[in-house]
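K.L.:
Protein chains in written order, with the numbering used here: chain A, 1 to 399; chain B, 1 to 399.
Source of the hints: derived by calculation from the structure; they are not laboratory data.
Any given hint could be a false lead.
When chains are identical, the list treats them as one kind, so a pair holds in a single copy or across two.
[Stated by the list, open to error] Each computed DSSO-like pair below joins lysine-lysine, with the alpha-carbon atoms no more than 27 Å apart:
{"#": "1", "residue 1": "K280", "residue 2": "K383"}
{"#": "2", "residue 1": "K280", "residue 2": "K55"}
{"#": "3", "residue 1": "K9", "residue 2": "K192"}
{"#": "4", "residue 1": "K24", "residue 2": "K376"}
{"#": "5", "residue 1": "K119", "residue 2": "K192"}
{"#": "6", "residue 1": "K280", "residue 2": "K192"}
{"#": "7", "residue 1": "K55", "residue 2": "K9"}
{"#": "8", "residue 1": "K280", "residue 2": "K397"}
Next come the chains, spelled out residue by residue.
Protein chains: 2
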Amino acid sequence: MNPSILLSKRAQGLTSSAIREILKVTERPEVISFAGGLPSPATFPVERMREATLKVLADAPQAALQYGPTEGYTPLREWIAAHLTRKGAAVGPGQVLVVTGSQQGLDLLGKCLIDEGSKVLVETPSYLGALQSFSLFQPAFASMPSDGQGIDTDALTPELLAGGRFMYCLPNFQNPTGRRLPLQRRQALVEKAAAAGVPVVEDDPYGELSYDGETLPSLLSLNPQGGIYMGSFSKILAPGLRLGYVVAPEPLFAKLVQAKQAADLHTPSFSQRIVHETIKDGFLDAHVPTIRDLYGRQCQYMLDALERHFPAEAQWTRPEGGMFIWVTLPAGIDTGRLLAKAVEQNVAFVPGAPFFAGPPQANTLRLSFVTVPQEKIEAGIGKLGALVRAEIEALPKAA
Amino acid sequence: MNPSILLSKRAQGLTSSAIREILKVTERPEVISFAGGLPSPATFPVERMREATLKVLADAPQAALQYGPTEGYTPLREWIAAHLTRKGAAVGPGQVLVVTGSQQGLDLLGKCLIDEGSKVLVETPSYLGALQSFSLFQPAFASMPSDGQGIDTDALTPELLAGGRFMYCLPNFQNPTGRRLPLQRRQALVEKAAAAGVPVVEDDPYGELSYDGETLPSLLSLNPQGGIYMGSFSKILAPGLRLGYVVAPEPLFAKLVQAKQAADLHTPSFSQRIVHETIKDGFLDAHVPTIRDLYGRQCQYMLDALERHFPAEAQWTRPEGGMFIWVTLPAGIDTGRLLAKAVEQNVAFVPGAPFFAGPPQANTLRLSFVTVPQEKIEAGIGKLGALVRAEIEALPKAA
């Protein structure tokens, strides 16, 4: 403790999360945890990445271990641009900034787009990590009404959008809800945002994880002039390399590069070259379907367990991709208190409240299914279902 | 170009560097460049790191490729704490935050310590990358008078220090000057900072690179309660992994962790394990002296070339470690203009002006010697010396 260190106002505003403290106990092996946001390590292509690493260290060891350009490793930027172009958005390598995990993209966008009090439009609920990153720059969040399909585009009135510095959207299998925005809403969203002059930031870490392989057009492809797009290798390769990217138009792109230079000079050269070596010959075309299959089976298993064990009063999303199911319990049930009881029985999940920028819906929770063996899904959802029934029993009865 | 994207005030304040544009031409192979800040790739222990990488991928591939704790990989934090303790500062692993290059430490410290208008005390001149990082948070820089030995501690008056949010110091072989702060000044500095209640941020990427192996006590070891320390593996192992660390007392430490989580979740697990595997059995004890020897020889070669080719009116530092020599030319010579002429003759350096937070000394320049072959040092310093002589000739004569 050093009493003379005066923290900045933004640091004083950072609060440590009570939930994070509770969830620390979930590291005990006896806990069945649906709380994690981790991809399944069974999907990490270890052998392929070992070969790629050896190739990088054989072909260009000094370049791989040396400082590199802030924008990123050129062949990787070219791969990303070609990948996005193949998916319908005409992107050039010069618009691609490689970042140290797409979380860094959020920090850089916050730095370059948010002044104190700036209006930032977010989904209800939204990705917690984005709310944390943006909060450091002290915006005024405005919540966009959302339902089981995502943002309710009918509710995007000119008044709501007016003066928005940007709109932050996760159209594919959103964290925390697992929902996917339908095509018609995507079109309405980009039209309304363009009419209101609000740039759209599209965060897409889960877009490749559609269980049946069918994808919808990105917001970027529907709105190439006004789009900012964030992608990641964390969910299709491995997160421990921290590798993501941001696509942005000028003049924002140049500012993001300068902010990136001040933030960490550049993303590790070694990781960039390993990933490029791993994927450059089409590896992901065969690899990603294996992740989709696994996650689709795991999701279906949890959905079946929810049907078996949860009471009729509970509702949940039925994702077509991604890593999460979102459960809504009857009003009056506080999932923060429910978590304390669940942890006593060695089951864990993430309460929904922190995912809301506005008034929280305290009766919601997020379940992750991808890393939990099926017999533990059955056992854990069984225990959770019984706890939820008891909570409902204990609710004051309507007159 | 998207006219509807409104940039934050801090992003509008980012200006692209004219020097950076000029220096882009120095990538041409015919240019003899003393401008780079890169360590010599000849010092990268490629074979050792290949073995370490294979070991990590054999022993714990899934953990190395998975998300990890924000604070860092525990065995690496323990190694760092033991290393600093061996060097005289009692540091526990719980005070060590692993960061994605020590540049990220600057960003996190800026976030947690700087409000708009906060007084931040810096050396004259100081590390350009730190000025860039801190500037994003809109401080009011106050320059501490400095000379060839570093900060002039006699000039650290209570008035100058009053209200300083922190003091940013590079006591060992500073970038850009190569100077080292003498022991007596170190003691005076920590005493005066403590008396004024100003925390000391010590940035020490070059501390291990003393040519004769002799080191001076860190500011942290002289001031354990009030010290914030930043270290790096970039100059003693390889910069392409982007691996550094920050040591800080509570409550600042907890805030840095939260800011780090929002910035990139955590530093790549893979890189942290590779570095730990590389160094855990004392590898650096034998490796670092080979870097010291090389850099010491290169430095001496450039000092000799400066003696041979530069006019008596020029002055330069005689570093005892690190990667840089700082040259001061007669007043009236603008090294920005000199650079343009030098580049025409295929020689490059970095003009000194951008390293000043206050009024720049435009007659200064930085020379890097570690990556340039000795015959090119001779040729390049020869050309530069002739250009400097011509500049001096052209100066208006005193009456």
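K.L.:
Evaluate each hint against the coordinates.
P.N.:
Hint by hint, here is what the structure shows:
1. When the C-alpha separation of K280 and K383 is checked against a cutoff of 27 Å, the pair qualifies neither within a copy, at 45 Å, nor between copies, at 44 Å.
2. Proximity of K280 to K55 under the C-alpha cut-off of 27 Å is found in both arrangements, the shortest distances being 13 Å within a copy and 25 Å between copies.
3. With identical chains, the CA atoms of K9 and K192 are at most 27 Å apart between copies only, with a shortest distance of 26 Å across copies and 35 Å within one.
4. Taking CA atoms no more than 27 Å apart as the test, K24 paired with K376 passes inside one copy only; the shortest distance there is 19 Å, against 57 Å between copies.
5. For the identical chains of this complex, K119 and K192 are intra-copy neighbours only, at 16 Å inside a copy versus 44 Å across copies, given an alpha-carbon limit of 27 Å.
6. Proximity of K280 and K192 under a CA criterion of 27 Å is satisfied in neither setting, with 37 Å inside one chain copy and 57 Å between copies.
7. Proximity of K55 to K9 under the C-alpha cut-off of 27 Å is found in neither arrangement, the shortest distances being 47 Å within a copy and 44 Å between copies.
8. With identical chains, the CA atoms of K280 and K397 are never at most 27 Å apart, being 61 Å at best within one copy and 63 Å at best between copies.
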